[in-house]
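Modelling step: build the complete structure from the supplied sequences, incorporating the hints.
Take the sequence shown: its letter number 52 is residue 52 in full-length UniProt numbering, and every next letter is one higher.
It is possible that part of the hints are untrue.
[As the list claims (entries may be wrong)] Each computed DSS-like pair below joins lysine-lysine, with the alpha-carbon atoms no more than 30 Å apart: (1) Lys78 to Lys3; (2) Lys30 to Lys78; (3) Lys19 to Lys30; (4) Lys3 to Lys25; (5) Lys30 to Lys3; (6) Lys19 to Lys3; (7) Lys25 to Lys78; (8) Lys19 to Lys78.
[Stated by the list, open to error] Between beta-carbon pairs, the in silico distance windows are: (9) Glu76 to Gln20: 17 to 25 Å; (10) Pro38 to Ala77: 36 to 44 Å; (11) Lys78 to Pro13: 22 to 30 Å; (12) Arg75 to Met1: 25 to 33 Å; (13) Glu76 to Ala41: 27 to 35 Å; (14) Gln47 to Ala77: 16 to 24 Å; (15) Ile43 to Ala77: 17 to 25 Å; (16) Glu44 to Gln20: 34 to 42 Å; (17) Ala2 to Arg52: 24 to 32 Å; (18) Glu37 to Pro13: 13 to 21 Å; (19) Leu21 to His51: 16 to 24 Å; (20) Arg42 to Ala77: 32 to 40 Å; (21) Ala41 to Asp68: 28 to 36 Å; (22) Asp80 to Pro38: 19 to 27 Å.
I should point out that these hints are in silico values taken from the structure, not numbers from a laboratory.
Backbone N, C-alpha and C fix where the C-beta goes; we use that ideal spot for every residue, glycine too.
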Amino acid sequence: MAKVTIYSTNSCPYCVRAKQLLERKGIEYKEINLSQEPAEARIELMQRTNHRTVPQIFIEDQFIGGFDQLYALDREAKLDHLVA
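Okay, structure coming up:
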């Protein structure tokens, strides 16, 4: 199974929804919680995505985007293929 990484914060409802979607599908993920990680994690996110908002989701090294993009992949039956 592909490595999934999600950058999140404690107060982000879309982060919760993204994690719930992944969990419902049985997809394991690594969470980088920017509320708990050092400032370097936020800098890393900016360097990788040029975005400050969360969630930001990667499958392997492919940048997926946020919850809306993850949900669209699932709705279009493309998410399972990407994580296989």
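Taking the hints in turn, this is what the structure says about them:
no.	hint	verdict
1	Lys78 to Lys3	holds (16 Å)
2	Lys30 to Lys78	holds (20 Å)
3	Lys19 to Lys30	holds (10 Å)
4	Lys3 to Lys25	holds (14 Å)
5	Lys30 to Lys3	holds (8 Å)
6	Lys19 to Lys3	holds (14 Å)
7	Lys25 to Lys78	holds (13 Å)
8	Lys19 to Lys78	holds (17 Å)
9	Glu76 to Gln20: 17 to 25 Å	holds (19 Å)
10	Pro38 to Ala77: 36 to 44 Å	holds (38 Å)
11	Lys78 to Pro13: 22 to 30 Å	holds (24 Å)
12	Arg75 to Met1: 25 to 33 Å	violated (20 Å)
13	Glu76 to Ala41: 27 to 35 Å	holds (30 Å)
14	Gln47 to Ala77: 16 to 24 Å	violated (32 Å)
15	Ile43 to Ala77: 17 to 25 Å	violated (35 Å)
16	Glu44 to Gln20: 34 to 42 Å	violated (25 Å)
17	Ala2 to Arg52: 24 to 32 Å	holds (25 Å)
18	Glu37 to Pro13: 13 to 21 Å	holds (20 Å)
19	Leu21 to His51: 16 to 24 Å	holds (19 Å)
20	Arg42 to Ala77: 32 to 40 Å	holds (33 Å)
21	Ala41 to Asp68: 28 to 36 Å	violated (22 Å)
22	Asp80 to Pro38: 19 to 27 Å	violated (34 Å)
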